[in-house]
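*Asks:* Chain residues, written in single-letter form:
Protein chains: 2
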Amino acid sequence: MKIDFSTSKRIIFGNGEFRNIPEYIKGLGSRVFFIRGNNPFYGKEFFELIETLNLEITYFIVNKEPDIFLLISAVKLARENNCEFVIGFGGGSVIDTGKAVAALLNNEGDLMDYLEVVGKGLPLKNPSKPYIAIPSTAGTGSEVTRNAVIDVPEKNIKVSMRNAYMLPTIALVDPELTLDLPPQITATTGMDAFVQVLEPYVCNSPNPMVDMFCRDAIPRAPVNLLKAYRDGSNMEARENMAWVSLLGGLSLANAKLGAVHGFAGPIGGMFHAQHGAICACLLPGVMQVNVETLIKRDAGSSALKRYHEISTWITGDAKAHIGDGVLYVEELCKNLKIPRLSEMGITKEDFPQIVEKSKNSSSMKGNPVHLSEEELTRILEQSY
Amino acid sequence: MKIDFSTSKRIIFGNGEFRNIPEYIKGLGSRVFFIRGNNPFYGKEFFELIETLNLEITYFIVNKEPDIFLLISAVKLARENNCEFVIGFGGGSVIDTGKAVAALLNNEGDLMDYLEVVGKGLPLKNPSKPYIAIPSTAGTGSEVTRNAVIDVPEKNIKVSMRNAYMLPTIALVDPELTLDLPPQITATTGMDAFVQVLEPYVCNSPNPMVDMFCRDAIPRAPVNLLKAYRDGSNMEARENMAWVSLLGGLSLANAKLGAVHGFAGPIGGMFHAQHGAICACLLPGVMQVNVETLIKRDAGSSALKRYHEISTWITGDAKAHIGDGVLYVEELCKNLKIPRLSEMGITKEDFPQIVEKSKNSSSMKGNPVHLSEEELTRILEQSY
Numbered sequence: 005m006k007i008d009f010s011t012s013k014r015i016i017f018g019n020g021e022f023r024n025i026p027e028y029i030k031g032l033g034s035r036v037f038f039i040r041g042n043n044p045f046y047g048k049e050f051f052e053l054i055e056t057l058n059l060e061i062t063y064f065i066v067n068k069e070p071d072i073f074l075l076i077s078a079v080k081l082a083r084e085n086n087c088e089f090v091i092g093f094g095g096g097s098v099i100d101t102g103k104a105v106a107a108l109l110n111n112e113g114d115l116m117d118y119l120e121v122v123g124k125g126l127p128l129k130n131p132s133k134p135y136i137a138i139p140s141t142a143g144t145g146s147e148v149t150r151n152a153v154i155d156v157p158e159k160n161i162k163v164s165m166r167n168a169y170m171l172p173t174i175a176l177v178d179p180e181l182t183l184d185l186p187p188q189i190t191a192t193t194g195m196d197a198f199v200q201v202l203e204p205y206v207c208n209s210p211n212p213m214v215d216m217f218c219r220d221a222i223p224r225a226p227v228n229l230l231k232a233y234r235d236g237s238n239m240e241a242r243e244n245m246a247w248v249s250l251l252g253g254l255s256l257a258n259a260k261l262g263a264v265h266g267f268a269g270p271i272g273g274m275f276h277a278q279h280g281a282i283c284a285c286l287l288p289g290v291m292q293v294n295v296e297t298l299i300k301r302d303a304g305s306s307a308l309k310r311y312h313e314i315s316t317w318i319t320g321d322a323k324a325h326i327g328d329g330v331l332y333v334e335e336l337c338k339n340l341k342i343p344r345l346s347e348m349g350i351t352k353e354d355f356p357q358i359v360e361k362s363k364n365s366s367s368m369k370g371n372p373v374h375l376s377e378e379e380l381t382r383i384l385e386q387s388y
Numbered sequence: 005m006k007i008d009f010s011t012s013k014r015i016i017f018g019n020g021e022f023r024n025i026p027e028y029i030k031g032l033g034s035r036v037f038f039i040r041g042n043n044p045f046y047g048k049e050f051f052e053l054i055e056t057l058n059l060e061i062t063y064f065i066v067n068k069e070p071d072i073f074l075l076i077s078a079v080k081l082a083r084e085n086n087c088e089f090v091i092g093f094g095g096g097s098v099i100d101t102g103k104a105v106a107a108l109l110n111n112e113g114d115l116m117d118y119l120e121v122v123g124k125g126l127p128l129k130n131p132s133k134p135y136i137a138i139p140s141t142a143g144t145g146s147e148v149t150r151n152a153v154i155d156v157p158e159k160n161i162k163v164s165m166r167n168a169y170m171l172p173t174i175a176l177v178d179p180e181l182t183l184d185l186p187p188q189i190t191a192t193t194g195m196d197a198f199v200q201v202l203e204p205y206v207c208n209s210p211n212p213m214v215d216m217f218c219r220d221a222i223p224r225a226p227v228n229l230l231k232a233y234r235d236g237s238n239m240e241a242r243e244n245m246a247w248v249s250l251l252g253g254l255s256l257a258n259a260k261l262g263a264v265h266g267f268a269g270p271i272g273g274m275f276h277a278q279h280g281a282i283c284a285c286l287l288p289g290v291m292q293v294n295v296e297t298l299i300k301r302d303a304g305s306s307a308l309k310r311y312h313e314i315s316t317w318i319t320g321d322a323k324a325h326i327g328d329g330v331l332y333v334e335e336l337c338k339n340l341k342i343p344r345l346s347e348m349g350i351t352k353e354d355f356p357q358i359v360e361k362s363k364n365s366s367s368m369k370g371n372p373v374h375l376s377e378e379e380l381t382r383i384l385e386q387s388y
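Heads up: the sequence lines are chains A and B, in that order. Residues in the first sequence are numbered from 5 upward in steps of one, following this note's numbering. Residues in the second sequence are numbered from 5 upward in steps of one, following this note's numbering.
In isolation and in its complexed conformation, chain A is listed as follows:
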């Protein structure tokens, strides 16, 4: 038993909690940098409320996964306007942008000084400016993680800016704010959340803190995701998915992931398909190849026992076999109309390069079993 756990200073969860925003911003100042997505219909009531608060608001719109250029301009604008705190309201791209801006508002230098891989990777010297992260999707859990994923277009890769200071000051999760999500985004972001509680539970170094989150979340995920997909106004299903998403963020930030995320980063960098769709599409194949390989090479593994537990939880059948769980997830993806890799602009000729880029990714190293190139390719073929 060993854990090293960090999270946002304060996590607030509840229906209608966004209406308490005046209380949460008390004492943070009057000049706010407000980041949002580009759909004016989401969270209308929230925007109207913000306008009444006597703040000097600098708006910034994020309409794609943040890349270096978008971030540099966001930081420039926030610094020029001497913003005192940051609010991010949106999906993972918005929330991640907020982390980088809040950090650079209180640290000298440029974005490149702090980026992994393509930059200098320096640690932040000072804590970030206060940052309130408010997700509009039930998906990434980014409100309780300490990194921002950033596109580097000219290199077709994604890199991270990562620091404990980048944990948002307040993670404000209000399921009501996800009521407007259309079915397709509900499906892909929800599957992202599901994968984020599933992979840490079977990863090669689980920990008892994260286990609690996963055990609570996994049984809730598929059934509530289907309900929210079929009827976006189902408040109970939305609430459950927002909860799963939050637990997913807590889990991935404090344990390892696995092959789904090991692939998803590189594929996302190469093809710019939606992260949640990539994860969802890969999940059944990863489950199957992992289970087959574990049976072959490590039949007594605790990860196999955990895959079995998961199968009983998600099927709701105490007698379910591991295979039933895999079939259930395959069926779930079909019901949610998750696209196949072949529908994301990927061809079989890309497989070797995807495998090459993925096989040593940090998430891949958390997979419950080491997979050969042949086994990794088999996952891609099953997801094609």
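I should point out that these hints are in silico values taken from the structure, not numbers from a laboratory. Do not rely on the hints blindly, as some may be mistaken.
[To be verified] Chain A is nowhere near these chain B residues, computed Cβ spacing over 10 Å in every case: (1) Val122; (2) Pro187; (3) Asn238.
[Unchecked claim] Coverage of chain B stretches by chain A, computed from C-beta distances (three or more under 8 Å per stretch; other residues unrestricted): (4) 11–23; (5) 215–221.
[To be verified] In silico negatives: residues of chain A with every beta carbon more than 10 Å from chain B: (6) Pro210; (7) Glu313; (8) Gly327; (9) Leu331.
Ideal Cβ placement from N, Cα and C applies to all residues, glycine included.
On the provided structure of chain A, position chain B as indicated by the hints.
*Replies:* Structure of chain B alone, referenced to chain A:
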């Protein structure tokens, strides 16, 4: 579903983690205020390690539950020596002292400015100085709570200094450090931990975050406590109890408690008996009177269902009735040689005053059912 969750910036748990202290104090400065208990035999290796680290150490010994005078002298000493950070290694009294000192090292004014009830109750303006809290007991969970309990001897009461800034910067929980605890302290502190995961689970406003902690901890507590009591060198039992204690702190800091703690504060103030012993001694009576009262007044209550769950978990018998759980806890107290109220210097003549002081305490307000004075008295009689 509604939660408002805060905890220490970083929670580290694991056997032998205390040996990594050099890493955890990096960057915090060289002048440390080091608070400890008065038994020189506990944590010998840890003290020796600290001495090698090239720090300017100001030692401070806490040998009882902290009172106002002890705290004032601790703060004075820490300020005089310009201490840059604080380490507290000990039981709840030591850990709580550290919280108050770390807060007042970075905030002007006197202790009385910040105390509830007997002082001005002002909020802290600045974050505390960095504080590493390292429990030597598996009991209070104080390393992840935001208040310090302080004796006010001339009024026979205990008050709190409470602020989110008082959450220790790092909670470092190392089960190895509890190996030296003698059986009697293992028993009373362990029962304190058990009560702290039990009361939040049945309280009148449970929340799903805390529920996870309680579900994980409750089944572990009694069986491992008995093992650690009978064989203090049982590492697995020590590890489990340290884990239960940590989860207890997380639970009580983020949900409500109940009648056991509703009584324990006032009784502790009046009679200076050990907190864990008071809690343990009251638990069977509180469970029984709560269950009887719920059956009478609110038979459909979810707290009753939860008491039933608890009974099956702790007895290890899926068919156990609620009453079996109460009997099990009674038996547990006998096996651990927990003293009765009558052995703590309390007489039946004190009951009216205890009830009077307890009936409106903040913990009592979290009890799953409102108890009349007669019902409260019945609990005391059963614990006598």
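*Asks:* Does each hint hold? Answer for all of them.
*Replies:* Hint-by-hint comparison with the structure:
1. Val122: holds (26 Å)
2. Pro187: About 23 Å separates Pro187 (chain B) from the closest Cβ of chain A, which puts it past 10 Å; holds.
3. Asn238: holds (14 Å)
4. 11–23: Three-residue rule met by the segment 11–23 of chain B, so holds; n is 9.
5. 215–221: Result for this restraint: holds, n = 5.
6. Pro210: Nearest chain B Cβ is 13 Å from Pro210 (chain A), so the label holds.
7. Glu313: holds (15 Å)
8. Gly327: Given that every Cβ of chain B is farther than 10 Å from that of Gly327 (chain A), nearest at about 28 Å, it holds.
9. Leu331: Answer for Leu331 (chain A): holds, closest chain B Cβ roughly 29 Å.
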